[in-house]
Amino acid sequence: MSQDVADLYCRVNQTQEIVLDAEFTCRAGEVLAVVGPSGGGKSTLLRMIAGLAKPQAGEIRYGERQWFNSQQGDYLTPQQRHLGYVPQHFGLFPNMTALENVVAALDHIPKAERVERAKDWLERVNLHGLPDRLPANLSGGQRQRVALARALARQPSVLLLDEPFSAVDRETRERLYLELARLKEQLSIPVIMVTHDLNEALLLADSMILISQGVLLQQGAPRDVLTRPRNEAVAKQMGLRNVFDAEVVAQEEARQITWLKFGEHLIASSYFDSLDIGSTVRWVIPNQGIRFNSIAKGRLCRSFNKLIITVESTLAMGETMRIVASIKGVKHSLNAEVPLHLAQKLALAPGVETEVALKSELIHILETSVAD
Amino acid sequence: MDWQALGLSIKLSSVTVLILIPFAIWVGRLLAYHQFRGKSWVEALIMVPLVLPPTVIGYYLLVGLGSQSWLGQLLQNVLGQQLVFHFSGLVVASVLVNIPFAIQPIQRAFEAVPEEVRDAAACCGMSPFKALTKIELPLVWPGVLTALVLCFSHVLGEFGVVLMMGGNIAGETKTIAISIYDSVQAFDFASAGQMSLVLLLFAVTALALTTSLSRRLGGLSVSRRR
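Protein sequence lines, in the order shown, are assigned to chains A and B. For the first sequence, the numbering used here gives the first residue as 118, with consecutive numbering after it. For the second sequence, the numbering used here gives the first residue as 14, with consecutive numbering after it.
Honestly, I wouldn't trust all of these hints.
What the hints assert, rightly or not - Here are some of the chain A residues that sit facing chain B, going by a computed Cβ distance under 8 Å: (1) Ala167; (2) Leu169; (3) Gln173; (4) Pro195; (5) Gln196; (6) Tyr202; (7) Pro204; (8) Gly208; (9) Pro211; (10) Asn212; (11) Ala221; (12) His225; (13) Pro227.
What the hints assert, rightly or not - The calculated lysine-lysine pairs, modelled on DSS-like cross-linking and capped at a C-alpha distance of 25 Å, are: (14) Lys143/B x Lys228/A; (15) Lys147/B x Lys228/A; (16) Lys462/A x Lys445/A.
To be verified - If the Cβ cut is set under 8 Å, some of the chain A residues that face chain B in the computed set are: (17) Leu200; (18) Ala222; (19) Asp286; (20) Arg287.
If you're looking for bench data, these hints aren't it; they were derived computationally from the structure. Since the model is a prediction, treat every value here as computed from it, not as a measurement. The C-beta atom is built at its ideal place from N, Cα and C for all residues, glycine as well.
Work out the full structure: start from the sequences and follow the hints.
This is the structure in structure tokens:
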């Protein structure tokens, strides 16, 4: 990429039709995932960045260049923004071949160079030997590649991907993940990818924003958002099912431990300051923070966060087993996913009592603590 | 066989189509892509000629554009001639009556162009006009062709509104449909039969050609360079 690159700043506020309230920055060379449930306003946000929809209020800025500013009345059309956009179903021109589709996006370079440049980009996205095919005669994965080539061939200021993998089968998706991950290394522009699949964000994105019902709930590195959700709403959106109440019993700043009374258990979590002793907090732990004892009961490593649980139900799903278990002295159940081989080794079945350990560094106290 | 009337009818159909199709492309696209207050009323208004008897439309045009009306007088001052009982009046009447036949198929065709395709065209740097000519028209042409054939055929057989607005002046407003009526009135069934057969054959041929062309070109555009 030879074009000048800059960060993309976006702030949109909208209270009518589709409610949206978000502010974020996508740095040059960064892949930002916009994650959230369907109908939450993600695609609308992307269309606003593209200039295809106009926000009620806000500011969208690429470097120093104002793309949209409601106060100053600035508004650049999609043509003026010079960006690459890959819609959910790729938006290929059905009357044009793969090659013509890419050529159609090259109005910024001399006519004589367009075909060669388009061919080059089709090669770069591994679409060999198919430049003369119409979109109707290409597979989902091939169409996606043509759309990507068309978007990138423009040498865009920003690349926008709207659920780029939702319209292809699983095998193709896995292959495209690898290709996009490789392509990411070569791109120095801001890339914004809308997805409802958290795994895609974890695999491909450097940072993410979580949007639900038009409101930005949290932003940060995908792993951080997953392990340190700001509040219960974020935790739920991230698919975290183990949200519990506990009482703060001690704060050890020196050892960076916050002690919590959880039912009949005393558990240690990473240190959270500004918590009052005796207050009730809501905490969450991701699945990877729950360790099943694979040795023998009573010999569970050095961790002090041991819980005695009784398996209530099990459900084998592919290579994993979903387990719901009751915890002594706690009214809420623990949900866990265990590799199938481990579940079989431990003979996990309804009624079995076993021991689990919670990784204290993955215990996260939510910002909004609610007392039941 | 009244060749003069047939020639006039073909001339009227051609002029009407030439005026109406570009207008229908503009309005049909606007209605297909944009939501605005009062859109339902506009769409209803466009459909009015479909449900109103042509003689009623002809009556309003005759009264509204006649030399007694302010609009008729204004047009007479500007154009130097009155519209009623004149070929130009027939064109105005034919354009108005055929608006739904032109706009409806074209609007439906534009509505079938995926929004993603239009978005992609804008993000590829295409101006709205370039997107129309390079992407949209190649996709909506069956709708345009349908509108063209429908309007042409409909004008060719138009009777009520033509009679009300133009009367029956040979070489000026006497179309083939009126000539058929005249022949029947004069008990010249042989001539009426010939002209009716011409119109019937034209209608069947035009519709068959449209259907076959749509199918063949539609198929070609998909299998081309497979």
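A quick look at each hint next to the structure:
no.: 1; hint: Ala167; result: holds, 6 Å
no.: 2; hint: Leu169; result: holds, 5 Å
no.: 3; hint: Gln173; result: violated, 16 Å
no.: 4; hint: Pro195; result: holds, 4 Å
no.: 5; hint: Gln196; result: holds, 5 Å
no.: 6; hint: Tyr202; result: holds, 4 Å
no.: 7; hint: Pro204; result: holds, 4 Å
no.: 8; hint: Gly208; result: holds, 3 Å
no.: 9; hint: Pro211; result: holds, 7 Å
no.: 10; hint: Asn212; result: holds, 4 Å
no.: 11; hint: Ala221; result: holds, 6 Å
no.: 12; hint: His225; result: holds, 7 Å
no.: 13; hint: Pro227; result: violated, 14 Å
no.: 14; hint: Lys143/B x Lys228/A; result: holds, 16 Å
no.: 15; hint: Lys147/B x Lys228/A; result: holds, 16 Å
no.: 16; hint: Lys462/A x Lys445/A; result: holds, 23 Å
no.: 17; hint: Leu200; result: holds, 6 Å
no.: 18; hint: Ala222; result: holds, 4 Å
no.: 19; hint: Asp286; result: violated, 20 Å
no.: 20; hint: Arg287; result: violated, 23 Å
Hint violations for this structure: numbers 3, 13, 19 and 20, all remaining hints satisfied.
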